Every structure is written in structure tokens, then in C-alpha cells.
Amino acid sequence: MKRRRSVAAVSLTLGRPGYTVNKRAARQKIGPVSAKSLSTRGFKSVRLREVDRRLIRKRRSKEDPVISQSKTTAPIPNATHRKVDEAPPGERLRECGISVRAIEAAAAQLAPAVTLLGLPALEGREWYRLLREKLAPQLGADAYLVVAVVGGTNIGKSVIFNHIADSPLSASSPLASGTRNPVCVVPTGFAESHELPAIFPEFDLRPWTSANEALADTPDDRIYWRAVVDTPPNLLILDTPDIDSDVQVNWKRADGIRRVADVLIAVLTQQKYNDAAVKQYFRKAAEEGKLVLVIFNQCQLPDDDLYWPLWLDTFCRETGVSPRLVYVAPNDRRAAEEGRLPFFEKPPTSWKVNGASSKTDAAASPANLAHDLSQLKFAEIKLSTLSGALTHLMSDDAGLPAFLREVETRSGAFESAARWLSSESVIKVRDWPSISNPLLVAEIRAWWRQRQHGMARRVHEFYDTVGRGLLFPLRVAGDKLRGPTISPLEQYRRNEWGAILSVIEEVYDRLNWLSESASQLLKPFLERMLAGKSRSQLLEQLRVDHERVDFGQELSVTVNSEMRAFEEGSPELYRFYRQLTNVSAAVRPLTSVVLFSLGWGPAAHVLSPMLAPMVDLGAHSLVPIVADFATGAAAAAGGDAALASGANLLEARFRRLQTAFTTRRVDWLLTRLKDQVFGAVPRDLQTAAEVPRSEAYRNLAQAAARLDQQLADVTKASPEPNT
Amino acid sequence: MTTPELAQLEALSQVDELVERLTRWTAEETVWEPLRSSRALLKRVLSRVDSLRVRLEAPLVVATFGGTGTGKSTLVNAIIGRECARTGRQRPTTTRPLLIVHPNADLNALGFPIDDFDVSRVDAPLLQDIVLIDCPDPDTSEDDAKGSNLQRLHQLLPHCDVLIYTSTQQKYRSGRVADELGLASNGCRLLFVQTHAELDQDIRDDWQSHLGAHYDVPEVFFVDSLRGLKEQQDGGRPSGDLARLQQVLTTQLSAAHRVQVRRANLIDLVHSAVDHCRNTLRDYDPELDQLEAALEDQHARLVRSLADNLTRELKRSSALWERRLLASVTQLWGFSPFSSILRLYNAMGGLIASLTLLRARSSAQIALVGAVQGFRWFRARQQEQAAEGRLERLPATSADDNILREAQVLIAGYAKSSGFDSALVQSGSLQTLRKQALQVEEEFLTDASRRIDQIIDGIVARDSGWLVRLCYEVLFAIYPLFVLVRVGKNFFYDSLVGNAELIGTSFYISAGLFFILWSWLFVMSFCRRLRRHLTGEIETLAQSLAEQRITGEMFPALAEACRQARLQRSRLDAIAVTVTGLRPERTGSFGSPRTAARRLVTA
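So the protein lines, in turn, are chains A and B. Taking the numbering used here, I'd label the letters of the first sequence as residues 226 to 948. Taking the numbering used here, I'd label the letters of the second sequence as residues 13 to 615.
Hints listed in this document are in silico derivations from the structure and should not be mistaken for laboratory results. In this text the structure is predicted, and so the values were computed from the model without any measurement. Note that CB positions come from ideal geometry on N, CA and C, so glycine has one too. Some hints could be false.
[As the list claims (entries may be wrong)] Derived EDC-like pairs (lysine to aspartate or glutamate); straight-line CA-CA distance at most 20 angstroms:
(1) A:748 x B:299
(2) B:447 x A:730
(3) A:758 x B:297
(4) A:509 x B:297
[Said to hold, decoys possible] Listed next, with one range per pair, are the computed distances between beta-carbon atoms:
(5) A:453 x B:588: 24 to 32 angstroms
(6) A:745 x B:576: 26 to 34 angstroms
(7) A:345 x B:295: 20 to 28 angstroms
(8) A:719 x B:552: 45 to 53 angstroms
(9) A:453 x B:136: 34 to 42 angstroms
(10) B:52 x A:745: 21 to 29 angstroms
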């Protein structure tokens with residue numbers, strides 16, 4: 226079989242038609258709320274910090290009188306707190322709740338795209354955790370406070386918790402990292418009026434039954450809660466696992482509690498106040514605007530009176546925490562076990578290094594932690610921590626705007642990578658086998674036969690029958706001589722499979738080359754395609770598909786469509802051809818020769834066995850030579866210009882048919898290659914490149930912009946306090 | 013020479029041998045990426061091992077290690093018996109490491125960057141044989157940035173031989189310190205000390221059980237450093253575990269024990285590095301298996317397709333079969349009337365066939381020509397091709413190009429995912445692959461020819477025994493005998509006695525004609541008989557050919573690389589066994605890491 230060089234281009238086209246138009250339209254739609262515009266305006270974080278500072282200043286100014294006053298009077302009933310809630314900033318913050326929930330929904334929608342872009346998952350991002358665990362449940366709820374006792378392992382967190390709860394709810398042990406799951410004390414009736422699981426979305430809430438439960442290791446994160454009568458109203462107090470042991474799940478749980486909490490009771494000791502793990506934890510707390518109470522536990526009193534201001538100073542400097550209250554507790558194991566550990570409150574005046582006398586008077590009455598906690602101004606603290614969380618959420622360098630920017634940048638990188646890939650991945654398909662001429666011609670004849678009628682058809686049929694009859698013995702003899710031959714279609718199938726393999730080879734070579742020079746972004750995609758397993762799957766699938774192709778059908782479809790186009794495209798030529806056929810019925814031998822020049826007709830069969838009776842060559846390899854010879858002879862014999870040009874036209878036509886068939890076959894391969902080799906890759910790349918134009922992203926950006934606006938209103942609504 | 017001395021020398025020579033083996037192992041070239049990176053790592057470790065061997069006899073370096081506030085400096089003071097390290101209640105207290113040496117010690121011999129240390133020379137009996145370092149803590153720095161305590165500690169650790177790991181009730185389960193210890197303990201003996209005995213409860217059992225997962229912990233000391241120091245300053249001897257600790261430091265780290273301790277450290281270091289590399293290599297096991305399976309698979313496919321082609325052609329080449337069979341039979345029968353006829357027939361057939369054979373095209377033809385002849389022919393043809401520089405596919409190769417292509421595409425993928433240089437497959441290109449396939453085919457055909465010879469011998473032996481021969485010879489002889497009798501009778505009797513005419517030429521012509529027909533009949537029936545079992549035999553042959561083992565490889569370079577990878581791995585495994593065997597049971601009160609380090613310090 227003669228191989229004609231046909232060239233077709235394969236390209237991993239990634240762009241859709243109308244791609245640029247879509248992009249522009251999308252840009253216009255989201256124009257005012259894209260991350261870039263957010264960040265250029267970028268004052269929300271500053272603004273929020275201002276709110277924070279004002280709030281802090283406000284409470285500082287009131288702080289001392291309130292606490293000292295409340296120590297002597299009864300706890301302020303709930304109603305007084307409500308009053309503060311109605312202050313404009315609080316109200317406005319609640320409005321933010323809607324935007325926050327919109328952000329949460331949009332972010333969840335965007336999660337698959339984040340994975341696709343290869344960015345760290347949302348669950349690993351602090352702003353998202355805050356959004357889900359702090360802001361969504363607590364924005365708009367009433368001012369209950371979540372107080373958590375936190376600190377390193379084995380420094381008496383559980384002991385302090387038991388002191389606050391006034392009962393041994395959390396088991397303490399001399400061995401480290403005892404507490405594995407948080408224990409929570411809630412006021413009576415709180416669980417009925419609130420949805421506890423909604424407050425702690427990351428935890429599985431279980432009623433407390435025994436102190437030892439918290440020591441048990443569980444695969445899931447649990448909180449053991451118990452309603453206690455004496456707990457100050459609207460106060461949830463938690464004992465948390467440690468933040469620094471080799472049990473990492475403890476850190477994770479402590480982090481979860483930190484996000485939810487409003488007030489952190491930081492338990493520090495001389496060994497641990499400057500530990501890296503401790504510092505990291507409280508730095509985050511400071512960034513989120515948590516209220517921190519510091520307890521220096523296990524102090525060597527009175528020796529350590531000199532040192533704790535130094536420790537406090539280092540701790541505050543390293544973490545950015547500014548504690549509301551500071552306590553010092555002595556290293557008195559027996560008192561701790563018996564629940565009568567004294568906590569000495571240290572007034573702010575004594576906090577300074579080398580400041581006023583910080584001497585602890587052992588005879589002074591120790592503070593009551595639970596009572597002090599109940600005296601905190603709930604609404605104000607709530608407002609502060611919520612706005613702290615909002616600040617973090619909208620912070621330009623670690624929050625949502627940064628995330629949006631990250632997505633846009635990464636997506637842009639994907640877009641350029643995808644462009645690069647599609648421009649570099651053009652390969653040429655050479656040496657695609659062409660279908661044997663006799664087959665094609667037979668098909669054309671069949672097609673023509675359908676269109677002929679009357680005399681012409683009958684004459685043709687007569688000649689065909691006679692031809693077949695004459696050829697029969699020759700064919701049988703040839704088969705006997707050469708042994709059974711494979712049919713031309715089967716031969717074509719084999720040749721085409723070879724061509725397919727060389728195309729695949731070239732595709733993989735190219736992909737290999739691409740994967741070596743590709744950016745890190747594309748590498749995983751390319752490596753996935755190049756793995757041995759995916760290759761064997763591809764080959765297997767292609768082989769099965771290829772076996773299934775009905776080439777006869779393919780051929781007749783091609784001939785049909787091409788001839789139709791021929792018929793419609795140039796009616797004159799068609800008429801001419803018709804005429805020619807009509808004539809040819811009468812002068813059959815001449816037409817036969819002309820057509821034979823294209824390898825058509827019985828002569829090929831007749832001639833090749835005669836020319837090669839001993840030399841066992843395939844019939845088809847001789848055809849071109851014979852054909853060329855015959856064309857010359859016919860042209861010379863005919864000498865008719867019209868006929869010659871007709872033959873040329875036919876020849877051109879014929880080549881087009883070959884090309885059409887080859888194109889059809891190459892196309893078949895490409896479709897499968899795209900499905901099998903590239904699989905979801907081009908689609909994935911395209912999706913990744915278009916994330917900023919996706920609906921989820923637009924929703925998220927819009928919600929972020931809305932929240933930004935609302936926060937601006939909050940700032941306006943909270944007037945500068947007189948200082 | 014005394015026996016202990018000999019034992020020590022022997023121990024040292026074992027280490028030398030081990031290092032030598034490892035060095036040899038790392039020096040070899042490889043195309044397997046994981047092996048290359050493992051070797052690079054081991055080379056780094058070996059350089060550290062070398063520095064250890066250089067100072068095998070130098071005083072042992074004992075360093076404190078532990079979280080901030082666990083009383084490292086206080087313990088150092090208590091061990092020495094006087095205040096030389098600054099202690100405090102502010103964290104971190106120690107930032108510059110303090111080197112405590114005997115006044116006579118030669119600092120330069122230690123090979124330390126002395127500028128990074130505060131040096132204190134103390135004339136204490138304990139310091140006769142060792143050098144003490146008070147280290148900064150590993151847990152106040154959030155990363156090992158330049159100038160941080162952690163960075164200073166990391167620089168120090170490779171120089172230490174013994175670590176005194178101090179901890180307290182508060183800190184014994186600190187995650188950071190545990191991580192750092194995992195890093196630091198490679199190639200160090202460990203002493204475990206719970207400090208703050210005056211304040212804290214005894215948590216040694218819990219600590220020991222936690223350490224037990226990763227370390228060998230013979231004992232944990234429970235030390236009240238402050239009281240110990242005071243007792244010594246008051247001129248007494250320290251009480252409790254501190255005294256034992258001092259005892260351990262003086263007796264078990266004396267000059268006599270140096271080599272022993274260092275050797276144990278060295279072997280530990282090598283052990284953890286080797287383990288680490290083995291784990292790395294083990295991670296590639298599934299990929300390597302897949303690659304080998306794929307190679308095997310493709311090879312089997314090639315052989316199968318060769319067998320299929322051969323069978324098909326063998327079935328078709330009945331003429332050749334006939335000739336071989338007849339040749340065999342006539343050879344067996346020697347000279348006799350019928351066998352002469354057979355020989356004649358075969359010779360005529362051979363004349364025609366030789367024309368075909370001159371341009372033998374199919375593997376079946378080559379195989380059927382016979383093992384010797386066919387092989388010679390095949391070789392000649394191949395040499396001729398090579399000489400012409402045309403590496404195009406020989407017409408004789410029946411291995412399908414498509415199969416080769418598929419194999420190439422697949423194997424390249426598997427090779428890539430198992431970390432082999434893709435050049436091993438890619439550089440081959442189809443031309444080389446064809447050459448390889450040709451070699452496989454050559455082997456295949458040689459084998460096939462041999463089998464065909466056997467088949468022919470078998471058929472001949474079965475179908476042309478003496479009985480058959482007798483039948484054929486006798487039956488065949490009837491006609492010539494008849495003609496002979498007829499002619500003889502005519503010649504000797506009829507013409508002499510009866511004066512009848514001699515039989516004319518026409519008789520001989522017709523007799524000759526009938527003789528040819530008669531011979532043809534016999535030859536045909538005999539050939540038919542021979543061919544009777546042929547189809548069945550070919551089927552069995554095809555079956556056995558498809559299953560035969562062909563040692564030739566389609567991808568020899570890759571297959572060799574695979575084998576090398578396995579070999580190198582097993583050699584590393586063997587080294588690991590030796591290392592494990594060399595590890596001492598336990599050196600005194602010292603602990604050591606049990607498992608391979610998660611990270612390795614190689615500098």
C-alpha cells in the first residue's frame with residue numbers, strides 16, 4: 226500500500242471560542258469588587274484596628290472603677306448588659322452577620338476550585354476557621370462569653386479550671402498531657418436557651434459524666450459539658466488540652482477552642498512563659514483581639530516576686546498580648562489538690578519592670594477568679610473579640626482579601642501556563658496511511674451506482690458482472706499462489722494502528738519534554754498523564770476502540786459526504802461527470818483506462834498476477850507503476866483536451882477524498898487522545914484559569930466588599946471617645 | 013598484647029571494614045534516581061563519620077540538652093561542684109554555649125569553632141577525661157533563624173558524644189524538645205535526667221515509657237541540683253542520684269571507654285543513615301515491581317506474537333515440511349528402491365525450493381530450513397544488514413513494529429514513574445528496539461528450529477518404522493517386478509521360444525509413464541502419511557513456543573538497571589544487617605535512639 230504523507234496538527238486547545246469576550250464581560254461584571262480593588266482601597270483593616278483601639282480605650286477608662294465596684298456589690302444582672310448591646314456599633318456588627326454568612330456560603334462553594342488550584346485548603350486557613358467557628362455562630366447572638374483556660378502541658382490548667390468551676394470536674398494528674406478533650410461548664414438553663422453544638426461547630430458535644438473522661442484519647446474532637454448552678458450567667462468556662470506536648474491532636478483542639486473563645490486565661494510558669502509553642506499560640510490570640518487574663522502558676526513566692534514582672538514583660542513583648550488582669554499563684558501542691566489555691570491579683574501598677582512594689586502579701590485575701598470573670602463587661606468584650614475576628618477576617622495580609630488575591634494570582638499563573646502548554650503542544654501527524662485506491666474507487670462506484678438509472682445503470686451492472694466472472698479464476702489462482710491474503714480494509718486497519726502508535730509516541734515525547742520544562746504548577750498534571758498505568762490504560766482503550774471501528778462504514782460516510790459536497794459545490798462539474806459516465810457506459814474501455822489511472826477497475830487485479838507470477842509481490846505495490854503508465858497511454862491515445870482535463874479534475878477530486886478520509890481518521894484519534902491521555906486535564910486547567918470569573922468567586926468577592934462597606938459604617942457610627 | 017587490647021582493635025577494624033563497605037557502596041554509579049539521592053546522603057553521613065574516626069581518642073564531649081528552664085546550667089554546676097554556668101529564672105538564660113574544660117586541656121585538639129563558645133577552665137577531677145558543654149535550649153526559638161538559640165544548638169550537636177537530656181514534670185512531654193531530640197540523638201549516647209527533684213513529683217516511669225517508643229532508656233536520674241551543689245560547696249559529697257550521675261560520668265566516660273563510646277555512636281549514626289536510605293528505597297518498591305512486571309509482560313507479548321506468526325506460517329508452508337520430512341526419511345532409510353524415488357522427488361522439490369529459499373522471507377522458512385542452516389543464514393543476513401548500515405527491519409523479522417512501539421510507550425511511562433532516567437528508554441528509539449527485538453527473535457528462532465528438528469525426527473521415527481518401510485518397499489516393488497517379469501518373460505522366453513517379437517518402444521514408454529504414475533501414487537500416499545500428524549504437532553509446538561523462556565531482552569539497558577537497583581538494595585540490606593550486628597547491646601547507663609531518625613544531621 227502506498228503511504229501518502231498527510232499532515233494534521235494536534236493541539237491541546239484549552240481556550241473556548243469566544244474566550245476573550247467572556248473574560249472581558251466577566252471582568253466588567255465583578256469589576257468594582259475584585260480583590261485588587263479591595264486591596265487598593267485597603268483601609269478596612271486599619272479602620273477595624275481603630276475600632277478596636279477605641280473600644281479598648283473606652284474600657285480601660287472605665288475598667289478600674291467597675292471592677293473595684295463590682296467586687297463589693299452583687300453581680301450585675303443580665304439586663305444591664307443588654308443595654309450595652311443596643312449601642313450602635315454592636316447593632317451594626319450584627320448586620321455584618323448576614324455578609325459573614327454569605328461569605329461562608331460562597332467560600333464553601335469555592336472550595337473545589339481551591340483544591341484544583343493546588344492552594345492550601347480553606348480548612349487550613351485561620352480566617353476561614355474564624356469565620357466558621359467564631360463569626361458565623363456568634364455574630365448576632367447575645368453576649369455570652371466563652372472563657373478558656375489555656376497553656377502548656379502539666380502546668381495546672383485543670384487545677385485552675387476546677388478552682389473556677391468550684392468543683393473537680395476536670396481530672397488533674399501529675400503526668401503530662403493528661404487532658405485530651407476540653408471540659409466545659411455552662412450556667413444552668415444555658416443549654417436550653419442556646420444551641421451548644423452551634424457554638425462549637427468543630428466539636429462533638431457530650432454531657433459530662435465523670436472527671437476522667439477528658440483524659441481518654443478519642444479519635445474525634447469532643448467537649449464534655451455540664452451545667453453548674455453557681456456558674457455566673459452567660460459564662461461558658463472551658464478547660465483545654467495543652468498547646469505544646471508531643472500529642473499534636475491536643476494542639477489542634479486547643480486552637481479550635483481559641484477561635485471560639487472570647488476570654489483566654491493564660492496559665493504561664495517560669496519554665497514555659499517564653500516557649501516557642503506558647504508564644505505562637507498567644508500571638509494568634511492577640512491578633513484575634515481576645516481578652517487575656519494571665520496567671521503565673523507554680524511561683525516560688527516570695528522569690529519570684531522579683532521575676533514575674535520580667536516574665537510578663539517578655540511574654541507581652543513577644544506575643545503582643547495586653548492582659549486585662551494578672552494573677553500570681555504559689556507552688557503549693559497540696560492547696561492545689563484541695564481546691565484552695567490562692568490567686569493573688571496584681572494591679573496594673575505593679576506590672577512594670579522595676580515598678581512599684583510587686584511583693585505578694587501572703588496574708589492578703591486571694592482573688593475569686595469566677596467572681597472576677599462574672600464582673601467582665603460581656604457585651605463589650607464580645608464586641609471586641611468579634612471585631613478582632615472580623616479584623617483578622619478582613620486583614621489585608623492574612624485574611625480574605627489576601628486569599629482572594631492569592632486565588633487571582635494563582636489562577637493567572639494557571640492561565641499563562643495553560644496558554645504556554647497549548648502553544649507548545651502542537652505536533653504534526655505524518656505518514657498517516659492512505660486508504661488503498663481500489664477500495665476508495667469501489668466505494669465511489671457504489672455511490673455512483675445509486676445515482677444512475679436506466680440504461681447506464683444496466684450497462685454498468687452488466688460490465689461489472691462480466692468483469693467479476695472473468696476475474697474469478699484469476700483471483701482464486703492468485704489466492705492459491707500467495708496464500709490467503711488479508712483484506713485491504715484489514716491491512717489499512719493495521720497500518721493505521723501503526724500510525725496511531727507513532728502519534729502516541731510523539732505525544733508522549735512531547736509531554737515528557739513539557740513536563741521537564743513546565744512550571745511547578747503544571748508538573749503534577751503532566752506527571753499524571755505520563756505515568757505507566759495511565760499509558761497502559763490508554764493503549765488498551767484505544768486498541769479496543771480501534772478494533773471496533775467499521776472502516777467500510779467510515780469510508781462510505783466519507784465518500785458520501787465528499788461526493789455530495791462535490792455535487793452541490795460544483796453542479797457543472799457534476800453534470801459533466803454525469804455526462805461522462807453516461808458516455809462511458811457506451812465507451813467503457815476508454816473510461817476504464819482513465820479511471821484505472823487512479824487504480825480503479827479490474828485491470829489492477831488482472832495485471833498484477835500476470836506481471837508478477839513468480840515474484841510474490843502484493844498486487845497494490847505495482848498499481849502506481851501500472852497506473853502511471855496507463856495514464857500516459859490514455860492521454861496520448863485520447864488526445865482530447867477536455868477528457869484530459871476531466872481526468873485531472875477527477876484526480877484532484879480523488880486526492881481530496883483521500884485527504885478527507887485521512888482527516889476523518891486523524892480526527893477520530895484526536896478525540897480519543899483528548900479523552901484518554903489528557904482526560905480531565907485540559908478541562909481542569911481551563912477551570913483553574915477561570916476561577917476569578919466563576920460565580921462562586923464573584924459571590925465571595927461581592928460579599929467581602931459588602932462586609933468591607935459595613936465595617937466602614939461601623940467605624941463611622943462609633944464616635945471618637947473623648948480622651 | 014593483652015586480650016582486651018586485641019578485642020578493641022578488632023572492634024575498630026570492624027568499623028573500618030564497615031565504613032569501607034559503605035564507601036564502596038556509595039561510590040558506584042547508578043541511573044536510578046532514588047539510589048543516587050540515597051548515596052548522596054550516605055556520602056554526607058560518611059564525611060561526618062570520618063571526622064568521628066579522626067577524633068576517636070580525643071576526650072569525650074558531654075553536652076546538656078533540654079527545654080528552657082529545665083535546669084541545664086544548674087545541673088552542670090552541680091556536676092562540677094561549683095558555680096561556673098550562669099543560672100537564672102529568666103528564659104532563656106543561656107544563649108552562648110559554655111565550654112567547661114580542665115586547665116590542661118588543649119582546646120584546638122577538640123576541633124570546635126572556639127569563638128562561638130564561652131570557655132571556662134575548671135580544675136575539677138571530673139574534667140580530667142571529658143569536656144562539658146552547657147548548651148542553649150531548643151524550645152524558645154520559633155525557627156532556627158540566624159542568631160537564635162536553636163541555630164546555635166544545631167551547630168553544636170555534631171560535635172557532641174554524650175547528651176545529658178534534662179527535663180521536668182512540666183516539660184517532659186514537650187513536642188518541640190522531642191522533635192529536636194530525635195534530630196540530636198543520632199550518633200550520641202544519651203543520659204536522661206529529671207531535674208527539679210525538690211519541687212516536682214517523680215514522673216520517671218511515665219517519661220521512660222514515653223521515651224521507650226523511640227529510645228533505649230536504661231535508667232533515668234532524678235536530681236536535685238541545687239541541694240547537690242550546696243552539699244558540695246559545704247565540702248561534702250552530694251547525695252542521691254547526683255552522686256550516681258557523677259559516678260557514671262567519671263567511670264563510664266574515662267579514657268578507657270572513649271573508643272567504645274565513640275564506636276557505639278559511630279555505628280548508631282551509620283545505622284540510622286542506612287535505615288533512612290533503606291526506607292527511601294523501599295518506598296519505590298511498588299513502582300519497581302510494576303516496571304518489572306511491565307517489562308516481563310511486554311517481553312511475553314513479543315514472544316507470543318512471534319510464536320503466533322511462526323505457527324501461522326508453519327501451517328502454510330506445507331511444501332517445506334514435506335521436504336524436510338522426506339529428507340529425514342531418506343537419510344534414515346539409506347538406499348532402497350522406494351527411498352531412491354523419494355530422494356529423487358525430494359531433490360526435484362529442493363531444486364525449486366532453493367530458488368525460494370535463496371530469498372527466504374518468513375521465519376517459518378528459516379526455522380524449517382533447519383537449525384544449523386537457518387541460523388547461519390540468519391546470521392549472514394544480519395551481518396549483511398549491519399554492514400550496509402541499514403538498521404531497517406529485516407524482512408525476516410516478524411515482530412510487529414506496532415508491538416515494539418506499544419512496548420516503548422508503556423515502558424517509558426513505567427520507567428519514569430519508578431525513578432529511572434528516561435534516557436534509558438527514549439534514547440533507544442525504534443531502530444535500537446528493532447535490533448533488540450531481532451536478537452530476541454534470533455534466540456526464539458534458534459530454539460524453534462531445534463524443536464522443529466525434534467518434531468521431524470519424532471514424526472519420522474513414528475511414521476517410517478521398519479514395518480511401514482517394508483510395506484511400502486514391497487508394495488512399491490510390485491510394479492517394477494511386474495514390468496521386469498513381463499519384459500524378462502518376453503525377452504528370455506517368448507522371443508526365444510515362441511519367436512514372439514520383442515516388446516516395442518511403445519511398451520517402454522507406457523511402462524515408464526505408468527511407473528511415474530505408480531511412483532507418484534506411492535510418494536503422495538507416503539507424504540500424506542507423514543503429514544498426517546503434522547497439524548497436531550504444530551499446535552503443540554505453538555503452545556510450547558509461546559510459553560518458552562527467552563532470555564533476550566527488549567530493553568536490556570532498563571532491565572539491567574532494574575537488576576542493578578535490586579542488587580544494590582540487597583547489598584545495602586546486607587550492610588544494614590552487619591550494622592545491626594555491630595550495635596552494642598547497651599553501653600552502661602547510656603541510652604540510644606532505637607529507630608531511624610526522621611531527619612538526619614549530615615553536616
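We went through each hint and held it up to the structure:
| no. | hint | result |
| --- | --- | --- |
| 1 | A:748 x B:299 | holds (19 angstroms) |
| 2 | B:447 x A:730 | holds (19 angstroms) |
| 3 | A:758 x B:297 | holds (15 angstroms) |
| 4 | A:509 x B:297 | violated (43 angstroms) |
| 5 | A:453 x B:588: 24 to 32 angstroms | violated (59 angstroms) |
| 6 | A:745 x B:576: 26 to 34 angstroms | holds (31 angstroms) |
| 7 | A:345 x B:295: 20 to 28 angstroms | holds (24 angstroms) |
| 8 | A:719 x B:552: 45 to 53 angstroms | violated (28 angstroms) |
| 9 | A:453 x B:136: 34 to 42 angstroms | violated (58 angstroms) |
| 10 | B:52 x A:745: 21 to 29 angstroms | holds (22 angstroms) |
Checked against the numbered hints listed earlier, the structure breaks hints 4, 5, 8, 9; every other hint is satisfied.
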